[in-house]
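Listed below are the residues making up each chain.
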Amino acid sequence: MKRAVNHSFIPSFLHSFIHSFFMAEYQTPTTEKDLETSFEQIKPYMNATMAYYESARCLFCYDAPCVQACPTGIDIPLFIRQIHTGNVAGAARTIYDSNYFGNICGKVCPTEVLCEGACVYNHQDVRPIEIGRLQSYATAQVVEQGRKLYEPGPANGHKVAVVGAGPAGIACACELRRMGYEVDIFEAKSQPSGLALYGCAPYKVTNEDVLEEVEYLRAQFQFRIHYGHPIESREQITELEKNYAAIFLGIGLGPTRRLGIEGEGLANCVGATEFIEQVKLDPLSVAVGRRVVVVGGGNTAMDAASEAARLGAEEVTLVYRRSREEMGAYEFEYELAKSVGARGVFNASPVAILGEKEVSGVRFIRTRTEGGKAVPIPGSEFEVACDQAILATGQSKRSAFLELIDGLDRDGQGRIAVNPETFQASNPKYFAGGDALNGGAEVVNAAADGKRAGRGMDQYISNSARGEGI
Amino acid sequence: MPNLTANLAGIRSPNPFWLASAPPTNSGYQVMKAFDAGWGGAVWKTLGVPIINTSSRYGAINYRGNRMVGFNNIELITDRPLADNLREIEEVKKYFPDHAVVASLMVESRKEWHQIVKDVENAGADGVELNFGCPHGMCERGMGSAVGQEPSVLRLITEWVKEVATVPVIVKLTPNITDITEPALAAAQGGADAISLINTIQSLMGVDLDRFVPYPEVDGKSTNGGYCGPAVKPIALNMVKNCAQHSGVHIPISGIGGIENWRDAAEHMLLGASNVQVCTAVMHYGFGIVREMLAGLEGFMKDKGFGRLDDFIGKALPNVTTWENLNLNYKVVAEIDAAKCIGCQLCYTACEDGAHQAIALPGNGQGRVPAIIEENCVGCNLCSLACPVEECITMVRKDNGAPAETWKDYMASGKAPTEFNDERAGGHGHWIPEPKAGLGRKG
Ligand SMILES: Cc1cc2nc3c(=O)[nH]c(=O)nc-3n(C[C@H](O)[C@H](O)[C@H](O)COP(=O)(O)O)c2cc1C
Ligand code: SF4
Ligand code: SF4
Numbered sequence: 001m002k003r004a005v006n007h008s009f010i011p012s013f014l015h016s017f018i019h020s021f022f023m024a025e026y027q028t029p030t031t032e033k034d035l036e037t038s039f040e041q042i043k044p045y046m047n048a049t050m051a052y053y054e055s056a057r058c059l060f061c062y063d064a065p066c067v068q069a070c071p072t073g074i075d076i077p078l079f080i081r082q083i084h085t086g087n088v089a090g091a092a093r094t095i096y097d098s099n100y101f102g103n104i105c106g107k108v109c110p111t112e113v114l115c116e117g118a119c120v121y122n123h124q125d126v127r128p129i130e131i132g133r134l135q136s137y138a139t140a141q142v143v144e145q146g147r148k149l150y151e152p153g154p155a156n157g158h159k160v161a162v163v164g165a166g167p168a169g170i171a172c173a174c175e176l177r178r179m180g181y182e183v184d185i186f187e188a189k190s191q192p193s194g195l196a197l198y199g200c201a202p203y204k205v206t207n208e209d210v211l212e213e214v215e216y217l218r219a220q221f222q223f224r225i226h227y228g229h230p231i232e233s234r235e236q237i238t239e240l241e242k243n244y245a246a247i248f249l250g251i252g253l254g255p256t257r258r259l260g261i262e263g264e265g266l267a268n269c270v271g272a273t274e275f276i277e278q279v280k281l282d283p284l285s286v287a288v289g290r291r292v293v294v295v296g297g298g299n300t301a302m303d304a305a306s307e308a309a310r311l312g313a314e315e316v317t318l319v320y321r322r323s324r325e326e327m328g329a330y331e332f333e334y335e336l337a338k339s340v341g342a343r344g345v346f347n348a349s350p351v352a353i354l355g356e357k358e359v360s361g362v363r364f365i366r367t368r369t370e371g372g373k374a375v376p377i378p379g380s381e382f383e384v385a386c387d388q389a390i391l392a393t394g395q396s397k398r399s400a401f402l403e404l405i406d407g408l409d410r411d412g413q414g415r416i417a418v419n420p421e422t423f424q425a426s427n428p429k430y431f432a433g434g435d436a437l438n439g440g441a442e443v444v445n446a447a448a449d450g451k452r453a454g455r456g457m458d459q460y461i462s463n464s465a466r467g468e469g470i
Numbered sequence: 471m472p473n474l475t476a477n478l479a480g481i482r483s484p485n486p487f488w489l490a491s492a493p494p495t496n497s498g499y500q501v502m503k504a505f506d507a508g509w510g511g512a513v514w515k516t517l518g519v520p521i522i523n524t525s526s527r528y529g530a531i532n533y534r535g536n537r538m539v540g541f542n543n544i545e546l547i548t549d550r551p552l553a554d555n556l557r558e559i560e561e562v563k564k565y566f567p568d569h570a571v572v573a574s575l576m577v578e579s580r581k582e583w584h585q586i587v588k589d590v591e592n593a594g595a596d597g598v599e600l601n602f603g604c605p606h607g608m609c610e611r612g613m614g615s616a617v618g619q620e621p622s623v624l625r626l627i628t629e630w631v632k633e634v635a636t637v638p639v640i641v642k643l644t645p646n647i648t649d650i651t652e653p654a655l656a657a658a659q660g661g662a663d664a665i666s667l668i669n670t671i672q673s674l675m676g677v678d679l680d681r682f683v684p685y686p687e688v689d690g691k692s693t694n695g696g697y698c699g700p701a702v703k704p705i706a707l708n709m710v711k712n713c714a715q716h717s718g719v720h721i722p723i724s725g726i727g728g729i730e731n732w733r734d735a736a737e738h739m740l741l742g743a744s745n746v747q748v749c750t751a752v753m754h755y756g757f758g759i760v761r762e763m764l765a766g767l768e769g770f771m772k773d774k775g776f777g778r779l780d781d782f783i784g785k786a787l788p789n790v791t792t793w794e795n796l797n798l799n800y801k802v803v804a805e806i807d808a809a810k811c812i813g814c815q816l817c818y819t820a821c822e823d824g825a826h827q828a829i830a831l832p833g834n835g836q837g838r839v840p841a842i843i844e845e846n847c848v849g850c851n852l853c854s855l856a857c858p859v860e861e862c863i864t865m866v867r868k869d870n871g872a873p874a875e876t877w878k879d880y881m882a883s884g885k886a887p888t889e890f891n892d893e894r895a896g897g898h899g900h901w902i903p904e905p906k907a908g909l910g911r912k913g
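Order-wise, the sequence lines are chains A and B. This note's numbering puts the last residue of the first sequence at 470; the count rises by one with no breaks. This note's numbering puts the last residue of the second sequence at 913; the count rises by one with no breaks.
Since the hints were made in silico from the structure, they are not lab data. Check each hint, because a few of them may be wrong.
[Unchecked claim] Label-pair restraints from in silico Cβ distances: (1) B:526 / A:62: 21 to 27 Å; (2) B:810 / A:211: 25 to 31 Å; (3) B:539 / A:68: 26 to 32 Å.
For each residue, glycine too, the CB sits at the ideal point set by N, CA and C.
Between the sequences and the hints, there should be enough to build the whole structure, so can you do that?
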């Protein structure tokens with residue numbers, strides 16, 4: 001097998017020889033300091049000089065394509081111009097007016113396919129403006145200074161419940177607080193931010209950055225978060241419905257979906273979401289395999305592969321059941337995984353996880369893509385030896401919970417069905433946004449949904465209040 | 471929330487940002503769109519007997535990748551019939567009663583002035599601006615800057631207008647004159663309620679090196695035009711300041727020239743402008759830039775604790791004095807922040823060749839950060855201006871704290887040098903290398 005780390009300057013006959021003592025690109029971190037090396041930020045903060053020159057490059061396009069490409073519609077040319085004229089707080093305000101997760105999004109958004117991908121400079125092969133980093137440059141400063149840009153609106157007497165303190169729920173809470181609603185967020189875990197904290201790759205954003213921005217929002221908008229407070233029973237739901245004028249579901253998705261193949265229960269066979277969560281919360285405790293197989297072709301698979309490699313795995317093999325072109329992951333995410341040593345194997349579908357107690361390998365069958373589906377080619381099984389298997393084959397929906405709510409329609413794929421304008425569900429008291437709605441997308445989509453749902457809820461509550469003559 | 475409401479000689483607007491009389495105010499459509507975008511006022515494109523323009527009208531200076539750092543035009547006043555303009559002014563005022571719509575005017579005879587002032591007042595204009603500034607085309611017909619350059623004529627026409635005008639009268643000044651306060655004073659004496667400045671500066675934008683024709687080129691020929699845009703701001707600021715400080719010119723000022731963002735606007739106002747007008751920046755980037763200007767000015771006022779524009783209009787004026795009143799005992803020295811230095815050594819070469827040989831290069835193997843030779847540094851600021859890194863070279867006060875002494879004091883106390891080889895000269899005692907040391911050094 002070819003080494004995962006690319007040493008193309010080494011003649012091939014030396015490969016196996018070198019392999020026996022050559023270290024992986026990254027060593028397994030054992031101290032906090034090592035972690036800084038393993039998870040070095042790919043979009044570090046700009047300093048004032050970088051921000052000055054980078055902002056000078058913006059052409060101030062009319063009806064700018066970058067704004068159109070942003071799911072939250074941030075007025076990008078305006079905030080860049082504000083940075084350039086030394087009005088950093090004004091720039092931050094422009095950003096937060098559209099997106100409450102300005103700093104986190106600046107760091108974790110797939111800008112290559114969003115704003116920066118849309119930058120007109122690309123058309124002349126000029127490097128696009130580094131919009132994400134400029135965005136973080138402005139927002140991180142007001143967060144650090146604790147500079148208040150907003151105040152909650154005067155109390156309007158209505159109470160709203162938000163289930164889940166992820167980006168969708170918090171964006172929704174901010175928007176509602178601005179309009180004077182009282183907001184209670186119920187969160188099962190002990191920390192806020194959902195997948196922004198538990199899921200975003202550690203080399204994209206640090207936990208501190210995530211938690212500080214959420215705390216910055218909480219301090220300004222003063223919503224309440226009830227931690228360790230999962231909503232899971234019919235009684236609790238009835239209670240919420242009784243006490244709150246409307247309920248926002250920002251519940252995200254459940255654990256990694258089982259494949260239903262032999263050997264899934266073996267130690268060292270883990271779901272990607274669970275693996276990443278451990279990497280995020282306690283990276284030094286992660287016992288990453290020497291040889292790791294990651295099954296899946298989405299962005300989560302790419303993240304898991306990168307993280308395994310950065311934690312010192314010597315061989316990381318990404319296996320996807322269809323062709324490379326059909327992978328759901330963004331091209332640059334695959335490139336990023338390759339750049340730290342992962343290699344891709346395509347058109348291979350897992351048949352069984354092998355091993356006695358621990359994983360010793362994964363058996364695959366080759367496939368051919370027909371009409372978008374992976375069709376196994378009989379007799380083409382092969383095995384990849386490994387000591388850890390990470391399954392990045394999608395998260396389950398929270399169906400059992402959703403069943404508890406009366407009259408809540410879902411689409412064919414188990415996602416909550418809502419009105420695309422107001423984000424209101426078929427049960428009019430409920431609104432939803434984020435992964436529970438879109439099946440798993442980016443922080444920025446959740447932030448956009450939550451904010452718009454907040455407006456939808458306001459409309460609904462004010463209309464009902466008027467109807468009741470209040 | 472700071473209050474941005476502006477008042478120029480009784481003409482009120484929701485904010486101090488006005489469009490200058492120019493192509494962006496050519497039609498009701500544009501002015502409506504601008505007000506909708508957030509502009510507080512507009513001076514309509516100059517009205518008069520409509521003209522015919524050339525095709526090919528503008529030229530620009532691009533500087534190191536920045537477009538339109540300076541801009542020039544050979545356009546004349548409006549080429550649209552008066553009736554259309556009047557109808558549109560009326561319509562705009564209907565939609566935006568609280569925004570300022572000022573009619574810029576340029577005609578010849580007393581009768582024409584009287585008539586057109588009445589026409590625009592009937593249409594609902596909140597004020598009139600007399601265009602005595604246009605430096606091309608119109609002046610050859612005895613209008614525009616031909617009037618602005620002749621204080622007595624300027625005063626006379628202002629008086630004609632004041633005979634009939636019931637709305638405030640603004641006189642727009644041309645900078646194409648040695649002392650701007652002369653026409654400013656004439657305007658005040660003629661009864662003007664305010665002055666606005668500057669109009670464009672006579673200029674040639676460059677020459678096509680293949681065809682030997684200056685830009686902009688009209689069928690193989692060109693003519694001088696009016697210069698404006700970011701490059702003219704310093705000239706405009708100085709003229710605004712001169713008028714604001716002149717004891718005879720006691721009427722409000724509308725600042726124009728090189729304004730593109732909130733900082734430019736705040737600077738004009740700190741030097742005495744009651745509001746500002748913008749042309750080139752809108753021609754470059756559109757009406758949308760006003761959002762940056764509004765947010766920026768509001769943030770500035772909040773930060774400084776200014777509740778109203780009046781709290782800072784003219785606030786810098788007491789700090790602009792004549793050279794002879796500057797403290798000669800004040801001394802600053804350049805200081806390099808080695809942690810920020812990128813080692814470009816632009817400061818070294820600037821000081822070495824263009825100033826006082828007060829920066830030394832590090833020795834071999836000592837990295838690239840230069841060092842300031844404090845004894846030689848005269849505190850000219852040059853290196854700090856040339857340095858491409860933000861806040862890398864700062865000028866640090868290093869005098870001995872002696873009480874202030876000015877040139878005036880020096881003259882009074884006999885400390886000023888009076889002879890060619892006077893030992894009291896400022897540069898006396900500075901270390902300067904021998905001339906021959908300049909040979910064989912790489913530049
Ligand atoms: C193309 C063009 C046409 C102009 N036409 C007029 C005009 O009709 N009347 C007038 O008073 N000033 C006119 N001006 C001058 C502007 O109103 C303004 O005084 C000048 O451009 C300086 O401001 P700026 O640096 O913001 O451009 C014109 C300027 C330009 C560029
Ligand atoms: S800016 Fe418009 S009017 Fe002027 S040359 Fe270009 S297309 Fe023609
Ligand atoms: S100009 Fe600034 S960056 Fe360049 S050498 Fe001098 S100090 Fe260093």
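Hints versus structure:
1. B:526 / A:62: 21 to 27 Å: 24 Å, holds
2. B:810 / A:211: 25 to 31 Å: 30 Å, holds
3. B:539 / A:68: 26 to 32 Å: Holds, since residue 539 of chain B and residue 68 of chain A (Cβ atoms, about 29 Å apart) stay within the stated range.
The earlier numbered hints are all upheld by this structure, with none contradicted.
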